[in-house]
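Quick note, the sequences are listed as chains A and B, same order. Everything in the first sequence is counted per the numbering used here, starting at 421 for the first residue and increasing by one. Everything in the second sequence is counted per the numbering used here, starting at 133 for the first residue and increasing by one.
Incorrect hints may appear among the rest.
No farther apart than 27 angstroms at their CA atoms in a straight line, the calculated lysine-lysine pairs in the DSS-like style are these [claimed, not checked]:
#1 LYS499(A) with LYS199(B)
#2 LYS203(B) with LYS462(A)
#3 LYS203(B) with LYS422(A)
#4 LYS422(A) with LYS168(B)
#5 LYS176(B) with LYS527(A)
#6 LYS203(B) with LYS465(A)
#7 LYS527(A) with LYS203(B)
#8 LYS173(B) with LYS462(A)
#9 LYS465(A) with LYS176(B)
#10 LYS499(A) with LYS154(B)
#11 LYS168(B) with LYS527(A)
#12 LYS527(A) with LYS154(B)
#13 LYS173(B) with LYS527(A)
No wet-lab data here; the hints were simulated from the structure. Given the structure is predicted, the values throughout are model-derived calculations rather than measurements.
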Amino acid sequence: RKEVEQDPGPFNVPEGATVAFNCTYSNSASQSFFWYRQDCRKEPKLLMSVYSSGNEDGRFTAQLNRASQYISLLIRDSKLSDSATYLCVVNNNNDMRFGAGTRLTVKP
Amino acid sequence: DTAVSQTPKYLVTQMGNDKSIKCEQNLGHDTMYWYKQDSKKFLKIMFSYNNKELIINETVPNRFSPKSPDKAHLNLHINSLELGDSAVYFCASSQVAGSGPQHFGDGTRLSIL
């Protein structure tokens, strides 16, 4: 089993749609969690951290379920500029593990 | 203003050569990393240094040797380059080892002929 698993997609959605990505991780001792965004031929950039209580940043909502070892990202009112690959990242004791990413394309 | 800078941005070279990639961060972070992203886009950690000391060394061929002259720099030297080394190599840094978000450089696109 991979340490961090994501549905690779691609997800093709119209502008304005709501889209959700899921991620599962294998190490129950993992301590912190993040969503990164990577545009084509660019470096990964932090989108948001993920907290146990769930957190929201504008149109983006992240959730963490430690019992199920599951992380989610919800994007509301999708914009064309949201098109990118979304990487789920899990940290365990100085070691960050990246998922393979979920590709999102938002179409007009 | 660049937070994490890598050079060169592109590197095209022949099999068997030795090459180096440099990385510098001006964020005052204690920890630096090297990642490899292959053609399948999977990002894998290679090395991590905290205050010039190696803390993570994944299963990477010993042809790859990181060097950290100070905590703001982490260079990657690769000996006897092979076709399978073709990838994008990203340098990153974080305030605290592993627990905080990481800031990435632009990447170095290495192509082996």
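Q | Hints not upheld, ascending by number | A | Those not satisfied are hints 1, 3, 5, 7, 10, 11, 12.
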